[in-house]
Amino acid sequence: MLKYTLRRIVSGTLVLGIVSAIVFSIFYILPSDPARLACGKSCTPDLVARIQVALELDQSLPVQYGRFIKGIFVGRTYLANTDAARECGAPCLGYSYQTDQPVTLLLMDRLPATLSIAVGASILWLLIGLSSGILSALRRGTWIDRTSQGFALAAASLQIYFVGLILQFIFVDKLAWLPMPGYTSPFDYPLDWAKQMVLPWVTLAFLLSAIYSRLTRSGMIETMGEDFVRTARAKGLSSRDINIKHVLRAAMTPIVTVFGLDLGSLLGGAVITEYVFNIPGLGKLATEAVTNLDLPVVTGTVLFAAFFIITANIVVDLLYSVLDPKVRLS
Amino acid sequence: MSAFLEVKNLSVVFPTDDGRVQAVDSLSFSVEKGKTLGIVGESGSGKSVTSLAILGLQKGTRAEVTGEIWVDGKEIVSATESEVRKLRGKAMSMIFQDALAALHPYYTVGHQIAEAYLVHNNVSKKQAFARAIEMLDRVGIPEPQKRVNDYPHQFSGGMRQRAMIAMALSCNPSLLIADEPTTALDVTVQAQILELLRDLQKEFGTAIILITHDLGVVAETADDILLMYAGKQIEYGTVRDVLQVPQHPYAWGLLTSIPRLTGDPNLPLTAIQGAPPSMISVPSGCAFHPRCNYVEKADVCATRVPELVAIESGKSHSVRCHMDSELRQRIFSTQVKPQL
Numbered sequence: 643m644l645k646y647t648l649r650r651i652v653s654g655t656l657v658l659g660i661v662s663a664i665v666f667s668i669f670y671i672l673p674s675d676p677a678r679l680a681c682g683k684s685c686t687p688d689l690v691a692r693i694q695v696a697l698e699l700d701q702s703l704p705v706q707y708g709r710f711i712k713g714i715f716v717g718r719t720y721l722a723n724t725d726a727a728r729e730c731g732a733p734c735l736g737y738s739y740q741t742d743q744p745v746t747l748l749l750m751d752r753l754p755a756t757l758s759i760a761v762g763a764s765i766l767w768l769l770i771g772l773s774s775g776i777l778s779a780l781r782r783g784t785w786i787d788r789t790s791q792g793f794a795l796a797a798a799s800l801q802i803y804f805v806g807l808i809l810q811f812i813f814v815d816k817l818a819w820l821p822m823p824g825y826t827s828p829f830d831y832p833l834d835w836a837k838q839m840v841l842p843w844v845t846l847a848f849l850l851s852a853i854y855s856r857l858t859r860s861g862m863i864e865t866m867g868e869d870f871v872r873t874a875r876a877k878g879l880s881s882r883d884i885n886i887k888h889v890l891r892a893a894m895t896p897i898v899t900v901f902g903l904d905l906g907s908l909l910g911g912a913v914i915t916e917y918v919f920n921i922p923g924l925g926k927l928a929t930e931a932v933t934n935l936d937l938p939v940v941t942g943t944v945l946f947a948a949f950f951i952i953t954a955n956i957v958v959d960l961l962y963s964v965l966d967p968k969v970r971l972s
Numbered sequence: 002m003s004a005f006l007e008v009k010n011l012s013v014v015f016p017t018d019d020g021r022v023q024a025v026d027s028l029s030f031s032v033e034k035g036k037t038l039g040i041v042g043e044s045g046s047g048k049s050v051t052s053l054a055i056l057g058l059q060k061g062t063r064a065e066v067t068g069e070i071w072v073d074g075k076e077i078v079s080a081t082e083s084e085v086r087k088l089r090g091k092a093m094s095m096i097f098q099d100a101l102a103a104l105h106p107y108y109t110v111g112h113q114i115a116e117a118y119l120v121h122n123n124v125s126k127k128q129a130f131a132r133a134i135e136m137l138d139r140v141g142i143p144e145p146q147k148r149v150n151d152y153p154h155q156f157s158g159g160m161r162q163r164a165m166i167a168m169a170l171s172c173n174p175s176l177l178i179a180d181e182p183t184t185a186l187d188v189t190v191q192a193q194i195l196e197l198l199r200d201l202q203k204e205f206g207t208a209i210i211l212i213t214h215d216l217g218v219v220a221e222t223a224d225d226i227l228l229m230y231a232g233k234q235i236e237y238g239t240v241r242d243v244l245q246v247p248q249h250p251y252a253w254g255l256l257t258s259i260p261r262l263t264g265d266p267n268l269p270l271t272a273i274q275g276a277p278p279s280m281i282s283v284p285s286g287c288a289f290h291p292r293c294n295y296v297e298k299a300d301v302c303a304t305r306v307p308e309l310v311a312i313e314s315g316k317s318h319s320v321r322c323h324m325d326s327e328l329r330q331r332i333f334s335t336q337v338k339p340q341l
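So the protein sequences, as listed, match chains Z and F.
Per this note's numbering, residue 643 is the first one in the first sequence, and the count goes up by one each step.
Per this note's numbering, residue 2 is the first one in the second sequence, and the count goes up by one each step.
To be clear, the hints were calculated from the coordinates, so they are not data collected in a lab.
Take the hints with a grain of salt, since some may be wrong.
With the C-beta cut set under 7 Å, the calculated list includes, among others, these residues of chain Z facing chain F [what the hints assert, rightly or not]:
{"no.": "1", "residue": "Asp869"}
{"no.": "2", "residue": "Phe870"}
{"no.": "3", "residue": "Arg875"}
{"no.": "4", "residue": "Ala876"}
{"no.": "5", "residue": "Gly878"}
{"no.": "6", "residue": "His888"}
{"no.": "7", "residue": "Lys968"}
Stretches of chain F that chain Z covers, calculated by requiring three or more beta carbons in the stretch to come under 8 Å of a beta carbon on chain Z [unchecked claim]:
{"no.": "8", "segment": "90-98"}
{"no.": "9", "segment": "115-123"}
Keep in mind the model is a prediction, meaning the values are calculated, not measured.
Every residue gets a Cβ at the ideal spot worked out from N, C-alpha and C, and that includes glycine.
Kindly produce the complete structure, drawing on both the sequences and the hints.
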């Protein structure tokens with residue numbers, strides 16, 4: 643188990659390395675000149691040349707990449723051995739062309755908002771999705787099943803920007819039950835934070851719980867036809883025990899997988915949700931950086947998102963081996 | 002004294018999109034404690050449906066079950082699910098064909114046996130677990146203390162079937178239904194499992210219904226035989242009667258198709274012509290008539306369902322065939338017997 647975990651971590655790190663290399667080279671191969679971008683409006687050729695040196699863009703691409711990777715693990719010093727030496731502590735992802743702030747700082751600044759959205763929404767969609775899916779499976783063919791699955795189909799077909807704006811219109815503009823969306827730190831103003839987060843949570847959960855509901859329903863119905871469920875009935879177990887211990891237990895495995903991946907990609911940034919609700923999260927940071935061609939920030943956000951997805955993958959695989967004894971031992 | 006299990010006029014119908022499927026049609030038989038009934042028939046002849054009906058496992062599904070099933074003086078067909086549930090696992094239990102599919106892949110073998118014991122007995126989890134070890138030991142699993150924590154996929158095929166038996170017998174049921182318990186196993190393991198069942202039957206006085214399509218298995222282990230074709234019982238009687246003086250042309254076909262060690266090895270094997278009928282469109286009259294070599298009154302065989310008639314009054318041996326008994330005896334002794 644330990645060996646397996648280590649192996650997964652090593653291979654995950656390798657994937658991250660590949661992702662970073664691709665992102666790094668794509669942006670530095672682009673026809674736009676990073677020094678020109680960082681230069682700003684009142685730019686002179688002389689300034690561009692100075693910036694090129696300051697950003698170490700005069701070095702070859704492999705050297706730049708090597709220093710970039712070194713910066714992540716041990717930190718780096720720009721313009722070492724000169725008066726303008728600039729210390730960037732590990733993990734160093736460079737400085738934003740736009741604001742000149744360290745990218746690491748920007749990411750850490752945006753993480754809490756994205757984390758708030760992702761965690762809150764995932765709890766909500768798991769609760770709604772699983773319970774409605776279980777209910778549908780147990781009451782298959784009844785009006786409860788048809789209503790909840792019809793609802794799920796409709797919800798899964800809607801888009802975040804549509805549902806989000808409608809909800810905002812109703813609850814913020816018309817009824818004024820909730821404040822203007824945005825983000826406040828839960829440590830300073832927990833109530834305001836919660837009020838502002840309600841709509842993003844509901845919007846995301848609305849969409850995703852529909853998918854989880856259908857997934858749970860089909861998984862349970864499939865499992866109900868299995869031989870081992872018949873065995874459980876033949877043993878004289880109550881239907882509650884059969885449904886929870888035997889059916890749901892077996893149907894849970896794929897749901898855990900999908901959940902891990904969903905949560906992982908959401909942590910990398912809930913782009914549309916953050917835009918619709920004007921929340922300064924990682925997704926918003928990434929899109930802003932792309933529009934401004936703020937290359938260090940783009941590289942940083944992509945790496946960060948990749949990190950979450952790869953971590954989620956590893957966690958899911960480890961969980962899988964806990965859930966399924968066949969995986970555990972082979 | 003009436004038998005421990007008494008089935009009267011049992012019918013099971015499945016309403017499907019393609020029409021009503023009569024999977025089991027007016028079946029009647031009985032099994033006493035300590036005795037074994039072998040139910041023999043081709044795939045789709047209604048053997049498994051019958052056993053599921055006895056356990057009341059079609060309750061809550063679309064299957065329509067009619068007739069009477071008496072288990073230890075309690076009627077199953079009209080009983081509620083919760084009443085039958087108390088009998089399942091305790092008064093009657095079942096061993097399924099494919100033990101790998103029939104055991105939950107995510108729970109240890111010990112957990113699953115203990116679970117069966119725990120439902121019907123007011124004991125602690127620890128006691129139930131001790132029972133699981135005891136049962137594994139009883140069915141011949143080596144190192145039961147260790148193997149009790151294994152998952153089904155870590156057991157071999159024969160061991161899984163033993164674990165199934167341990168689970169089924171953990172509450173000392175009076176009736177055990179074994180649905181093709183040896184089909185998926187190789188011959189030596191098959192023999193071991195059958196011997197185990199016989200031993201346990203001797204020890205606990207269990208009534209066993211052995212569902213199989215292997216006549217050899219039945220000849221070895223059963224006291225009575227029920228021969229099924231297309232949902233109907235076509236011959237019923239003691240093993241001695243049915244195997245030595247079979248009465249139904251289908252039984253003749255089955256028995257003559259068994260290869261003999263003593264025969265001429267160059268002769269082609271005998272087979273029953275045709276194929277088993279689809280249960281959606283069962284042939285009219287006697288369902289076997291399109292494959293029967295001895296159709297004598299063609300119009301009668303094709304239109305009228307033969308009654309189940311006793312061969313000799315006072316004996317349980319009965320057959321469902323239009324042929325009159327004199328002719329049947331003649332065909333049997335001149336054409337069939339020499340081949341057996």
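How the hints compare with the structure:
Nearest Cβ of chain F to the Cβ of Asp869 (chain Z): about 4 Å, under the 7 Å cut. The hint holds. Checking Phe870 (chain Z) against chain F by beta carbon gives a least distance of about 4 Å; that is within 7 Å, so the hint holds. At a threshold of 7 Å, the smallest CB-CB gap from Arg875 (chain Z) to chain F is about 6 Å, leaving the interface hint in force. Interface restraint check for Ala876 (chain Z): the shortest CB-CB distance to chain F comes to about 5 Å, inside 7 Å, so the restraint holds.
Hint status for Gly878 (chain Z) relative to chain F: holds, with the closest Cβ pair at about 4 Å, below 7 Å. Against a cut-off of 7 Å between C-beta atoms, the interface hint on His888 (chain Z) holds, since the closest Cβ of chain F lies about 6 Å away. At about 5 Å, the closest approach between the beta carbon of Lys968 (chain Z) and any beta carbon in chain F falls short of 7 Å, and the interface hint on this residue holds. With 5 residues carrying a beta carbon less than 8 Å from a beta carbon of chain Z, the segment 90-98 of chain F meets the three-residue requirement, and the given coverage holds.
For the segment 115-123 of chain F, the stated coverage by chain Z holds: 4 residues have a C-beta nearer than 8 Å to a C-beta of that chain, and at least 3 were required.
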